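Starting from the known structure of chain A, arrange chains B and C on it as the hints suggest.
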Amino acid sequence: MSIVLYRVDDRLIHGQVIVGWGQPFHVGFIVLVDDAVRASDWEQDLYRMGVPPHIEVSFASIAEAAQRLPEWEADPRPGILLAGSIDTLAALSANSHRVKRINLGGIHHQPGRSQRLRYVYLSDSEAVKLKELAGQGIEITAQDVPTARPVPLEEFA
Amino acid sequence: MTRARRPPLGRSLLRLFTVQGSWNYERLQGIGVGVAEEPLLRDLRAGENGAAYRAAVARGAHFFNAHPYLCGLAVGAAARAEHEGATPEQVERLRSALCGPLGSLGDRLVWAGWLPVTSALALIGVALGLGLDAVIGFLVVYNVGHVGLRWWALWAGWTHGVRVAVALHQPLLQRAAAWSGPAMALAVGMALPLSAGYLGGAFTGWAREVLAVATAAGCALLWWGRGRLTGLRYGLALLAVAALVGWLWR
Amino acid sequence: MSLELQLVLLLWGTLVGLDLVSVPQMMIARPIVAGPIAGAMLGDLGAGLQLGVLFELFQYDVLPMGATRYPEYGPATVAAVSAAHGAAGALGLGLGALVGLVTAMLGGLSMYIVRRATARAVHAVTDRLEAGDARLLVRLHVSAIARDALRAAAVTAAGLGFAHLVRLFLAGTLPLRGVTLLGIAAVAAALAAATAGTLRVVGRGASLGWFVAGVLGGTVLVWLR
Numbered sequence: 001m002s003i004v005l006y007r008v009d010d011r012l013i014h015g016q017v018i019v020g021w022g023q024p025f026h027v028g029f030i031v032l033v034d035d036a037v038r039a040s041d042w043e044q045d046l047y048r049m050g051v052p053p054h055i056e057v058s059f060a061s062i063a064e065a066a067q068r069l070p071e072w073e074a075d076p077r078p079g080i081l082l083a084g085s086i087d088t089l090a091a092l093s094a095n096s097h098r099v100k101r102i103n104l105g106g107i108h109h110q111p112g113r114s115q116r117l118r119y120v121y122l123s124d125s126e127a128v129k130l131k132e133l134a135g136q137g138i139e140i141t142a143q144d145v146p147t148a149r150p151v152p153l154e155e156f157a
Numbered sequence: 158m159t160r161a162r163r164p165p166l167g168r169s170l171l172r173l174f175t176v177q178g179s180w181n182y183e184r185l186q187g188i189g190v191g192v193a194e195e196p197l198l199r200d201l202r203a204g205e206n207g208a209a210y211r212a213a214v215a216r217g218a219h220f221f222n223a224h225p226y227l228c229g230l231a232v233g234a235a236a237r238a239e240h241e242g243a244t245p246e247q248v249e250r251l252r253s254a255l256c257g258p259l260g261s262l263g264d265r266l267v268w269a270g271w272l273p274v275t276s277a278l279a280l281i282g283v284a285l286g287l288g289l290d291a292v293i294g295f296l297v298v299y300n301v302g303h304v305g306l307r308w309w310a311l312w313a314g315w316t317h318g319v320r321v322a323v324a325l326h327q328p329l330l331q332r333a334a335a336w337s338g339p340a341m342a343l344a345v346g347m348a349l350p351l352s353a354g355y356l357g358g359a360f361t362g363w364a365r366e367v368l369a370v371a372t373a374a375g376c377a378l379l380w381w382g383r384g385r386l387t388g389l390r391y392g393l394a395l396l397a398v399a400a401l402v403g404w405l406w407r
Numbered sequence: 408m409s410l411e412l413q414l415v416l417l418l419w420g421t422l423v424g425l426d427l428v429s430v431p432q433m434m435i436a437r438p439i440v441a442g443p444i445a446g447a448m449l450g451d452l453g454a455g456l457q458l459g460v461l462f463e464l465f466q467y468d469v470l471p472m473g474a475t476r477y478p479e480y481g482p483a484t485v486a487a488v489s490a491a492h493g494a495a496g497a498l499g500l501g502l503g504a505l506v507g508l509v510t511a512m513l514g515g516l517s518m519y520i521v522r523r524a525t526a527r528a529v530h531a532v533t534d535r536l537e538a539g540d541a542r543l544l545v546r547l548h549v550s551a552i553a554r555d556a557l558r559a560a561a562v563t564a565a566g567l568g569f570a571h572l573v574r575l576f577l578a579g580t581l582p583l584r585g586v587t588l589l590g591i592a593a594v595a596a597a598l599a600a601a602t603a604g605t606l607r608v609v610g611r612g613a614s615l616g617w618f619v620a621g622v623l624g625g626t627v628l629v630w631l632r
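Residue numbers (the numbering used here), protein chains in the order written: chain A, 1 to 157; chain B, 158 to 407; chain C, 408 to 632.
Just so you know, the hints here were simulated from the structure itself, not pulled from any lab data.
Incorrect hints may have been included.
[To be verified] Label pairs and their calculated CB-CB ranges:
hint, chain 1, residue 1, chain 2, residue 2, range
1, B, Ala373, C, Trp630, 18 to 26 Å
2, C, Trp630, B, Leu171, 44 to 52 Å
3, C, His530, A, Pro152, 36 to 44 Å
4, B, Val323, A, Asp75, 27 to 35 Å
5, A, Lys131, B, Arg332, 25 to 33 Å
6, A, Ser114, B, Asn300, 35 to 43 Å
7, B, Val304, C, Leu572, 53 to 61 Å
8, C, Leu412, B, Ala335, 43 to 51 Å
9, B, Glu241, C, His530, 26 to 34 Å
10, C, Leu623, B, His326, 20 to 28 Å
11, B, Leu171, C, Glu537, 24 to 32 Å
12, C, Thr580, B, Ala335, 50 to 58 Å
13, C, Val629, A, Asp87, 52 to 60 Å
14, B, Leu287, C, Arg611, 54 to 62 Å
Remember, it's a predicted structure, so these values are computed and weren't measured experimentally.
Virtual Cβ for every residue (Gly too), placed ideally from N, Cα, C.
Here chain A stands alone, though its shape is the one from the complex (with noise of 0.2 Å):
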């Protein structure tokens, strides 16, 4: 079944992903990408308590995520990859070649950022990256959870 949702989403394991993606995909595992919760042990602590006993749960950093994507690709339960940031999933990609498709489900306010959708914030240069991504074939939709309409790239950057 493979990875069915890469995720872009700065709130990384939170209700939209467990509730919202989780139950009608019937996801087995999550894998969430980021360098610094991987080197953090009470913040893994912390996002395992969010996540329901039958959901398995795996931190990586962006090289080991790299490694190990074709592994994950290859389980058979149905998953999903969650990244905290453009940044992240932008270097998987180059990494791996294997992200073919990315939601971007919550970028939020920070300085420099400006408002594209509800849940969308971007700065200039994260609406360029996310141009070049597109433009490598990979497939950018934003979406916060799968009952909203998948809002295309050319939409809002």
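Then chains B and C, alone, in the frame of chain A:
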């Protein structure tokens, strides 16, 4: 390091009941969380002309989003960390790391658990003829859990501070989270045919057959058309079709 | 319906709208509460319970997570009960559903507008917030709550106005079959929304078995009655 002798948890709890009052697309719950945390930070006003207090108030109002009933955990933990002299980076990291887990746990426990379970029990009660008693029962039972969870979250956050993950290991919480899914499925599953019987009582003969077909078609359309079709849109479309057919078929 | 009664409904709808997100989220915003209380105010508890059940089913289609946009069924149910008041059975269901669904859509849109307005208000004072101005923080919060209260009042007023028009111009003109079909449409859409919404949350895991058991148990209870 400072430590409030009697932390004004009650005042903070009262403010937590309004935590989503200023929900917005820029900071989400941030402003409300900052307002709820502020009473717990007042002891920091002494010294340095209140610089520590002001810095902590500003941090408390930064972007945040979690389940509203569990926000108290972040409020208490962040305030306690501020009192214990955690660095600004540590406090920001703690708040940011709590967003997701508290959202996920709260959504499973409450939005996809306790709320639909108790509301389904109310539907069952109304369908079985309990009337207003079922509604009042729902409000009382639901809010026992609601207020209890809000209070526990704030208390646990303040008690554990940066080690707040300990609170989330609470066996009762984990058991409740594990059982919320099956309990919701059972209760809502039972409420559906009873509600259909209650509302469908107004129809007889051909009308019941049309009702069954329109319901089944709606289930299929909503299941496979998610992302494009919602219950509200299906309802409005069906009402328009019904009005049109009703006018033509006099 | 007297002006006093309309004002009481307006007040109730405002409280209900405020409860949904802002204060205090004790779930008077749920249709199963908002409807029967509105019905009791009108002296028509039956219509209140019926519309409360109908819109509670629609509510199962909604999961209020993060920045998701969703219809607001609380004030909508109050307006729906006002439309259905005095109209028994299928007619009440049909008229109530029409008024309620339109009002719910308006409510969802109004929340989006208010959240954007609050974001602009917050953005405008970012520097002072970053300086830790606690008074400003509280003022910003209170004014946002007041904005939401005004929004809830406006949505309820619009819903009650629409209900009045529907009762005035539509209620007496529908043919019998039209009345029945409107009622069927309302109930079928509510049941479909509840079933699909619940199945999305239940998923294909172990909970699906519990859902099936519940449906079977409920069906047996209906049959026994």
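- request: State, for the Cβ atoms of Ala373 (chain B) and Trp630 (chain C), whether the hinted interval 18 to 26 Å holds or is violated.
  value: 19 Å, holds
message: For the hint 44 to 52 Å, verify it against the beta carbon of Trp630 (chain C) and that of Leu171 (chain B).
response: Holds, at about 49 Å.
query: Do the beta carbons of Thr580 (chain C) and Ala335 (chain B) sit within 50 to 58 Å of each other?
result: About 54 Å separates the Cβ atoms of Thr580 (chain C) and Ala335 (chain B), which means 50 to 58 Å holds.
- request: Determine whether the Cβ-Cβ distance between Leu623 (chain C) and His326 (chain B) falls within the hinted range of 20 to 28 Å.
  value: 37 Å, violated
task: Could you see if the CB distance from Leu412 (chain C) to Ala335 (chain B) stays within 43 to 51 Å?
output: This hint holds: roughly 47 Å between Cβ atoms.
query: Within 24 to 32 Å or not, the Cβ separation of Leu171 (chain B) and Glu537 (chain C)?
result: 26 Å, holds
message: Given the hint of 36 to 44 Å, is the C-beta distance from His530 (chain C) to Pro152 (chain A) inside that range or not?
response: Violated, since His530 (chain C) and Pro152 (chain A) (Cβ atoms, about 27 Å apart) do not stay within the stated range.
query: Would you say the C-beta atoms of Glu241 (chain B) and His530 (chain C) sit inside 26 to 34 Å of each other?
result: Since the Cβ atoms of Glu241 (chain B) and His530 (chain C) sit about 32 Å apart, the hinted range of 26 to 34 Å holds.
- prompt: Cβ-Cβ distance between Val629 (chain C) and Asp87 (chain A): within 52 to 60 Å?
  reply: 56 Å, holds
field: Consistency of beta-carbon spacing, Leu572 (chain C) to Val304 (chain B), with hint 53 to 61 Å
entry: 40 Å, violated
query: Lying within 27 to 35 Å: is that true of the beta-carbon distance Val323 (chain B) to Asp75 (chain A)?
result: Since Val323 (chain B) and Asp75 (chain A) have Cβ atoms about 32 Å apart, the given range 27 to 35 Å holds.
message: Within 25 to 33 Å: is that where the Cβ-Cβ distance between Lys131 (chain A) and Arg332 (chain B) falls?
response: 48 Å, violated
Checked against the numbered hints given earlier, this structure breaks hints 3, 5, 7, 10, 14; the rest are met.
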